[in-house]
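Undergrad: Listed below, chain by chain, are the residues.
Protein chains: 2
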Amino acid sequence: MKRTLICELPSSLNTEVRVCGFVDTIRAMKRNQFVVLRDHTGKVQLYIDAHGKPELASIVGNLTQESTIEAVGTAISNQSVKLGGLEVAVSELKVVSTAKPELPICKDSTLDVRLDWRYLDLRQPEKLLIFKIQTVAEQAMREFWTKNGFLEIHSPKLMATASESGSELFHLPYFGGTAYLSQSPQFYKQMAMNAGFDRVFEIGPVFRANPSFTSRHDTEFTSVDCEISWIDSFADVMAFEENWVNFFMSQIKEKLGSSIEELYGKQVIVPSVPFPRITIKEAKKIIRATGYKSEKDDDLEPEEERLLSGYVKETYDHDWVFVTDYPVTARPFYHMRNPQDQTLTCSFDLLYKGLEVTSGAQREHRYDVLKAQILEKQVSNKDPKLLESLEHYLRFFEYGTVPHGGYGFGLTRMIMKLLDLSNVREVTYLYRGPKRLTP
Amino acid sequence: MKRTLICELPSSLNTEVRVCGFVDTIRAMKRNQFVVLRDHTGKVQLYIDAHGKPELASIVGNLTQESTIEAVGTAISNQSVKLGGLEVAVSELKVVSTAKPELPICKDSTLDVRLDWRYLDLRQPEKLLIFKIQTVAEQAMREFWTKNGFLEIHSPKLMATASESGSELFHLPYFGGTAYLSQSPQFYKQMAMNAGFDRVFEIGPVFRANPSFTSRHDTEFTSVDCEISWIDSFADVMAFEENWVNFFMSQIKEKLGSSIEELYGKQVIVPSVPFPRITIKEAKKIIRATGYKSEKDDDLEPEEERLLSGYVKETYDHDWVFVTDYPVTARPFYHMRNPQDQTLTCSFDLLYKGLEVTSGAQREHRYDVLKAQILEKQVSNKDPKLLESLEHYLRFFEYGTVPHGGYGFGLTRMIMKLLDLSNVREVTYLYRGPKRLTP
Chain A
1 MKRTLICELP SSLNTEVRVC GFVDTIRAMK RNQFVVLRDH TGKVQLYIDA
51 HGKPELASIV GNLTQESTIE AVGTAISNQS VKLGGLEVAV SELKVVSTAK
101 PELPICKDST LDVRLDWRYL DLRQPEKLLI FKIQTVAEQA MREFWTKNGF
151 LEIHSPKLMA TASESGSELF HLPYFGGTAY LSQSPQFYKQ MAMNAGFDRV
201 FEIGPVFRAN PSFTSRHDTE FTSVDCEISW IDSFADVMAF EENWVNFFMS
251 QIKEKLGSSI EELYGKQVIV PSVPFPRITI KEAKKIIRAT GYKSEKDDDL
301 EPEEERLLSG YVKETYDHDW VFVTDYPVTA RPFYHMRNPQ DQTLTCSFDL
351 LYKGLEVTSG AQREHRYDVL KAQILEKQVS NKDPKLLESL EHYLRFFEYG
401 TVPHGGYGFG LTRMIMKLLD LSNVREVTYL YRGPKRLTP
Chain B
1 MKRTLICELP SSLNTEVRVC GFVDTIRAMK RNQFVVLRDH TGKVQLYIDA
51 HGKPELASIV GNLTQESTIE AVGTAISNQS VKLGGLEVAV SELKVVSTAK
101 PELPICKDST LDVRLDWRYL DLRQPEKLLI FKIQTVAEQA MREFWTKNGF
151 LEIHSPKLMA TASESGSELF HLPYFGGTAY LSQSPQFYKQ MAMNAGFDRV
201 FEIGPVFRAN PSFTSRHDTE FTSVDCEISW IDSFADVMAF EENWVNFFMS
251 QIKEKLGSSI EELYGKQVIV PSVPFPRITI KEAKKIIRAT GYKSEKDDDL
301 EPEEERLLSG YVKETYDHDW VFVTDYPVTA RPFYHMRNPQ DQTLTCSFDL
351 LYKGLEVTSG AQREHRYDVL KAQILEKQVS NKDPKLLESL EHYLRFFEYG
401 TVPHGGYGFG LTRMIMKLLD LSNVREVTYL YRGPKRLTP
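Going down the list, the sequences are from chains A and B.
Each residue of the first sequence is one higher than the one before, starting from 1 at the first, in the working numbering.
Each residue of the second sequence is one higher than the one before, starting from 1 at the first, in the working numbering.
Honestly, the hints are just simulated from the structure, not real lab data.
Each hint should be verified, as a subset may be incorrect.
Same chains, same names: a pair is fine if it fits in one copy or spans any two.
What the hints assert, rightly or not - Computed cross-link-like contacts, DSS-like style, restricted to lysine-lysine with a CA-CA straight-line distance of at most 25 Å:
| hint | residue 1 | residue 2 |
| --- | --- | --- |
| 1 | 371 | 94 |
| 2 | 100 | 147 |
| 3 | 255 | 147 |
| 4 | 285 | 43 |
| 5 | 147 | 253 |
| 6 | 132 | 253 |
| 7 | 385 | 2 |
| 8 | 147 | 2 |
| 9 | 371 | 100 |
| 10 | 385 | 435 |
| 11 | 30 | 82 |
| 12 | 132 | 147 |
| 13 | 94 | 30 |
| 14 | 285 | 435 |
| 15 | 43 | 253 |
| 16 | 147 | 43 |
| 17 | 127 | 147 |
| 18 | 107 | 417 |
| 19 | 30 | 53 |
| 20 | 313 | 417 |
| 21 | 377 | 285 |
| 22 | 127 | 100 |
Produce the entire structure from the sequences given, and follow the hints as far as they go.
TA: Rendered as structure tokens:
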């Protein structure tokens, strides 16, 4: 007999149904027993006539919470039932698996204990919703990209040299040599540009041997990246990104807005386009005016990101803001420099509710300029082998190159902020940090 | 001025256009010069009136092949031009970057040299087409999944223990301990089932420290995986997969069939559903009848896969075949066993044109049976710590479990066979093998 999902029951009233799922709660009395069954689409009350069906009653008597069961019965309307005004009057009941009696976690367990038992933690509907949001967001991102002529690539995660900086790099033995784990698909997105792919995207893992335990860092995360050829300036990249954000946010609102409101009490706000744009120089002025003293001249500290987003929300009623024109000292060697002011790069960050979720730029595509910028970095970083380690990368620019730019986007950071959660660990399927490699 | 893509030129005749791309070929004569320009959508002839526009002629005189240029001019119909019966009469020409004069590869360079200069190798339209196919295939796969209620997950690639077998495993120093690189998302797909995700998919990298140099192996590849809850048997998984294959193949044919025919001379065949199904026992009989002597009792050698697919093509005119009911000895411990014959597993492989592209099964979800199968493997593999290393995995089955099954699918293997290419290296963006970590 075909399974009926719990969300389908309202349209199956007065017919025989088969429902499958986890035992959410059990309430057993002498004459009547009630089991709330949960699947990925909702919860439903099962009604068991303990007096009339003693064989079912003995099954329910031995049930434990979170066990899995299949029940066959009739879906009936019952306005006194809180769960959707209906219940299933059970005629057959099968226990598929019996959970051990005492659950190792409860709602107020610490985050660390919940992560130990992540699969049980994820059974809560509001946790499952995070991954429904992720699915809708990613599918919308890809739909927008493919409609705009982007190709999907899968760049290698095993590399012979560092991708961006030598720090925070995992290395491993590799057939008698050493391999490094990719920190970013940056170089390989750029390779695609010079291979004539025109526009590419990639959603995949990146790795950072970052020893810190902040709420926004992990040693492995899903990076969302794209790169665009034949741009005139980094303004083209920002214009693309804001429309892309607008599209996936509107898809999240349309498909899951009511669930997000129900389970998190939050309205999804589809951001209007264009997003506000502020140069880092202006941003620093705005932040100084709040009285905050920064230790950084060329970049924003986390507290400054929050202050700036607060200002933008108040002034423009907007959750998103582009911060532009970062100084050369704050950006990697491959960012193009402003032809009018060589101390600045053609770059931007995107903040969402006080957190950086994107770093983007126009890249330097001219071989000689790029090589000079690498040599400059080699001197300033006192890294005598930098040019050598970038030999293969620099080759991508020898035989015809195209102007290009792109951005990287933090998926878990965005979802964390969308739901106003306080830690990326809550929105990552299985978080990895310096002290966590399990489960 | 807005860029016109080369594929858009037929609808832009007699208007001024701006085209951007790579210099494919140069033919310069005294009075007339011709440059074939290439972008990701096609090629077009640029006509330069060398006599009337000497300043343009001198630019063309210094051009090298594969340099990038922008040209402004008028698109005009010219039936004598082989490339689409049109050309662009150039009025402005700008060199964006000049390629070094002698290209390091040509069409008949060895595969290894071509991989050294992969970005130049990929500039050939038939190489670019591979990634257009990949993009369409993956987007179709995901569309079919999401329509059928699947959620997308990103499982960790850094693990504390081996995912499937201890062999071919990369390991790395991890904050004073050791981490392993994931060989498969298998355990984490199964975790999702017991977390109540119902159905999940993942497309992402996996890593195998495989020292072999065959045409179908690499140390890193893109694995396409899914898992389905509440199945009745592995037949449900096969039924899902064949409809999924049918859908993405029909999308490839619809969107890229004519390009594939033009550049590879191949017809895309959308496979009819259901696919043929043959038990491994029957398959062995069929292969023996050809006179081939196998060294394996419980599995198919590569040559046997080819022979069996040949038989299926001849008998059923079908490129795809499910081989089912593999013996326990050929399958991992987590495969469910046939209740009628405990020497067999509830498993299948899917062959496409003589190559295994999928391995799938119903998984064992009953804690006690699963634990017994691990202990049995521990004895047969003489691996006294197997149960211990699977402690976290086994925990996924302690608090309520659901019947489930799924499959893994080899993306590059499928594309290789679709185009009748001979090596996965040709269809991988950047191949990784024991001797290759660059570019």
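Undergrad: Within, between, both or neither: how does the pair residue 385, residue 435 come out at a Cα-Cα threshold of 25 Å?
TA: Intra 32 Å, inter 22 Å, cutoff 25 Å: inter-copy only.
Undergrad: Regarding residue 127 and residue 100, is the shortest C-alpha distance of 25 Å or less found within a copy, between copies, in both, or in neither?
TA: Intra 22 Å, inter 55 Å, cutoff 25 Å: intra-copy only.
Undergrad: Measure nothing new, just compare the shortest in-copy and cross-copy C-alpha distances for residue 30 and residue 53 to 25 Å and report within, between, both or neither.
TA: Answer is within: at 12 Å inside a copy they meet the 25 Å cutoff, but 100 Å across does not.
Undergrad: Given identical chains, is residue 132 near residue 253, meaning Cα to Cα at most 25 Å, within a copy, between copies, both, or neither?
TA: within (12 Å within a copy, 30 Å between copies)
Undergrad: With identical chains, the pair residue 30 and residue 82 could be close in the same copy or across copies; at 25 Å between alpha carbons, which is it: within, between, both, or neither?
TA: Classified as within; 22 Å inside a copy, 88 Å across copies.
Undergrad: Tell me, please, which holds for residue 285 and residue 43 at an alpha-carbon limit of 25 Å: within, between, both or neither?
TA: Neither, since 52 Å and 50 Å both go past 25 Å.
Undergrad: At most 25 Å between CA atoms: does that hold for residue 43 and residue 253 within a copy, between copies, both, or neither?
TA: Answer is within; shortest intra-copy Cα gap is 23 Å, inter-copy 42 Å.
Undergrad: Could you place residue 147 and residue 2 in one of the four classes (within, between, both, neither) given a Cα distance threshold of 25 Å?
TA: Classified as between: cross-chain Cα gap 18 Å, same-chain 37 Å, threshold 25 Å.
Undergrad: Between residue 147 and residue 43, at a C-alpha cutoff of 25 Å, which is it: within one copy, between copies, both, or neither?
TA: Classified as between: cross-chain Cα gap 22 Å, same-chain 37 Å, threshold 25 Å.
Undergrad: Evaluate residue 255 and residue 147 at a C-alpha cut-off of 25 Å and name the case that applies: within, between, both or neither.
TA: both (20 Å within a copy, 13 Å between copies)
Undergrad: Which holds for residue 94 with residue 30 at a C-alpha limit of 25 Å: within a copy, between copies, both or neither?
TA: within (21 Å within a copy, 88 Å between copies)
Undergrad: Have a look at residue 385 and residue 2 and pick one of within, between, both or neither, based on CA distance no larger than 25 Å.
TA: neither (64 Å within a copy, 42 Å between copies)
The structure shown violates the earlier hints numbered 2, 4, 7, 14, 21.
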